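Asker: Given these sequences and hints, build the entire structure.
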Amino acid sequence: MALLDVQNLGISFGGLRAVDDFHLQVKKGQLYGLIGPNGAGKTTVFNLLTGVYKPSEGIIRLDGEDITGRSNIEINKAGIARTFQNIRLFKDQTVLDNVKIGLHNRFHYNTFEGIFRLPRYRKIEKKMEEKAMELLEVFELEKEKDYLASNLPYGKQRKLEIARALATDPKLLLLDEPAAGMNPNETHELMETIRFIREKFDMTILLIEHDMKLVSGICEELTVLNFGSILCQGETEKVLQNPEVIKAYLGE
Amino acid sequence: MKKLRLSRQGRSDLITYGIILLLCLILFLIGQSSYQLQGLLVPVCAQIMLAVSLNLTVGILGELSLGHAGFMCIGTFMGASFSIYMEQFIPIPALRFFLALLIGALSAGIMGFLIGLPVLRLKGDYLAIVTLAFGEIIKNLINMVYLGYDSSGLHFSMNDTASLGLAEDGVVIIKGPQGVTGTPTDSNFGIGILLVLLTVFIVLNLVHSRDGRAIMAIRDNEIAAESVGIHITKYKLMAFTISAALAGLAGSFYAHNYNNIKASTNNFGYNMSIMILVFVVLGGIGSIRGSVIAATILYMLPEVLRFMSQYRMLVYAIVLIVMMLFTWSPKAQAWKAVQLAKCRKRLRPLTDRFRKKSSGHMTGEGE
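Heads up: the protein sequence lines correspond to chains A and B, in order.
The first sequence maps to residues 1 to 252 in this note's numbering.
The second sequence maps to residues 253 to 619 in this note's numbering.
A portion of the hints provided could be inaccurate.
Simulated crosslink set (SDA-like; lysine to any residue; CA at most 25 Å straight-line) [as the list claims (entries may be wrong)]:
#  : chain 1 : residue 1 : chain 2 : residue 2
1  : A       : K126      : B       : I267
2  : A       : K28       : A       : A78
3  : A       : K143      : B       : S264
4  : A       : K145      : B       : T268
5  : A       : K123      : B       : A589
6  : A       : K91       : B       : I475
7  : A       : K213      : A       : M191
8  : A       : K171      : A       : V138
9  : A       : K27       : A       : D211
10 : A       : K123      : B       : L266
11 : A       : K123      : B       : S264
12 : B       : K514      : B       : Y337
13 : A       : K131      : A       : N105
14 : A       : K156      : B       : E474
15 : A       : K145      : A       : D211
16 : A       : K91       : B       : A589
17 : A       : K127      : B       : F350
18 : A       : K126      : B       : S259
19 : A       : K247      : A       : T44
20 : A       : K200      : A       : Q30
21 : B       : K427      : B       : E388
22 : A       : K213      : A       : D169
Derived from the structure by calculation, the hints contain no laboratory data.
Model, not experiment: these values are computed from the prediction.
Answerer: Now the structure itself:
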């Protein structure tokens, strides 16, 4: 059974049909790509999946559980985490704190214990710190843990965003153009990181990307969106050779 | 022996507490010089508490609130009324005062929660306008309240003293625009210092806890905060409520410094809210330490400068500008960073020696 099962998903903004009859099955452990020309509706699909927008119609199931129409907080708790196309870090906080905020719903102590630093505060803060450092080490950010997030170089900010998303312990990770603004070296490094995440965390990943090298390098299956509807769906190699897809990307 | 190892945060907090104690010492010495200045010691503590608590809303949560004096007002009147009424039941002044402080904080906190519920849906300027209005509403409502007690219990009215219908032995606690009269003057500078420390302790520890991080995450990026599962409304309300409760605590403390207190425009009006905001902004938004220093200097200054008569406000304005530059201009920040580095360099041999000594001591004990 698919981990993520989307049927007949659609949303309209006024008269604009942004996404129409979108369906998608992502199996557990799969690396799935969502591509398409600018304005095709890829990020809108992400916003629908994460509950930022409520779909006009359609069903979204995660691990068999119907999560259609839930708020983004509930969907995050259900197990979908994401990164953003334009990086959205907590800029005025340290790298370590950014990851700790990602751990927010996995570790609990109440406000009173926090203010008066009772034993549980110390115990759980220590655990959080360890867990956060573990994640930072995966992304080789442990040396920068006390930097402000805004002071990190661009590539590391992208990594930190992924680390923060992983901190919420998701079943499905959505990456919105992770390679945007990266040079070829950084992109290559990112590909390695994404592969590594999948293996280390046994993660299912759905990503939006424009960089064809990255897409053809790591994605097993692709869905191509154009003008809000699916143009083509299937194994990466076949999709990329589809004349329709080439036409949509390069023109005639 | 447990090694005393402080994180960067811990060290920074310690410096803040140190600065507060130093300021209190200076204030105490200033207070010795004249009777008038001594009279300012309790209010200045209340001002510091207000500035620190407002910083929780403005600096940590990142929302502009202009109704802080309103919450203080609630704390003042609830605390004072409680004390007057309870004077007959609780003979121990210390316990009564403690409970009055608690009541002041609680009532302001509840009010903060109730007001925050609808108001925090707004942002930026709109939130500022609405909180400003609520501050004024609270003040004006309290100006309409008449409260008294006699042998049969409490009496309450919104009209006048006569309509309270008190018996012969009745005492009026709140007399509308004339305010509360007969508050026991329990406040003193020592308790003020303790309360300032408590306020700073609560705010700093909150900031460094799981909840504080969530609050700051909302400030930095609401969409991202939601994407990692942080409940925006809950944490906004939490920050706003705690901020209001601490203002209420300050208000209750302030009330017990005066026998009579009115909810006038000067005390609890718009000007007061702006004044607190000035402390916060000039001290550095989000910097607790800065709020403490700015509140102290800016509150004491007009009084200290009294000997200059007419030029007093001129100097005050200049100080405002200098402080603004010192906190916010890039050049001043660079200069501060350089000075700090120099200071560290000079202190390094000292700290190294201390470290060596303490670690040597430790291994010695371990063997």
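Asker: All hints are to be evaluated individually against the structure, with a verdict given for each.
Answerer: Hints, verified against the model:
1. A/K126 <-> B/I267: holds, 23 Å
2. A/K28 <-> A/A78: Distance ~15 Å between A/K28 and A/A78 Cα, so the pair holds.
3. A/K143 <-> B/S264: Holds, at about 21 Å.
4. A/K145 <-> B/T268: holds, 23 Å
5. A/K123 <-> B/A589: violated, 35 Å
6. A/K91 <-> B/I475: Measuring from Cα to Cα gives roughly 13 Å; hence the hint holds.
7. A/K213 <-> A/M191: Given that 25 Å is the threshold and the Cα spacing comes to 10 Å, the pair holds.
8. A/K171 <-> A/V138: OK: A/K171 and A/V138 at ~18 Å, within 25 Å.
9. A/K27 <-> A/D211: holds, 23 Å
10. A/K123 <-> B/L266: holds, 22 Å
11. A/K123 <-> B/S264: Satisfied, since the Cα-Cα distance of roughly 22 Å is no more than 25 Å.
12. B/K514 <-> B/Y337: This hinted pair holds, its Cα atoms lying about 18 Å apart.
13. A/K131 <-> A/N105: holds, 13 Å
14. A/K156 <-> B/E474: Roughly 21 Å between the alpha carbons, so the hint for A/K156 and B/E474 holds.
15. A/K145 <-> A/D211: violated, 29 Å
16. A/K91 <-> B/A589: Satisfied, since the Cα-Cα distance of roughly 20 Å is no more than 25 Å.
17. A/K127 <-> B/F350: violated, 37 Å
18. A/K126 <-> B/S259: holds, 12 Å
19. A/K247 <-> A/T44: Holds: A/K247 and A/T44 sit about 22 Å apart, inside 25 Å.
20. A/K200 <-> A/Q30: holds, 13 Å
21. B/K427 <-> B/E388: Holds, at roughly 19 Å.
22. A/K213 <-> A/D169: violated, 28 Å
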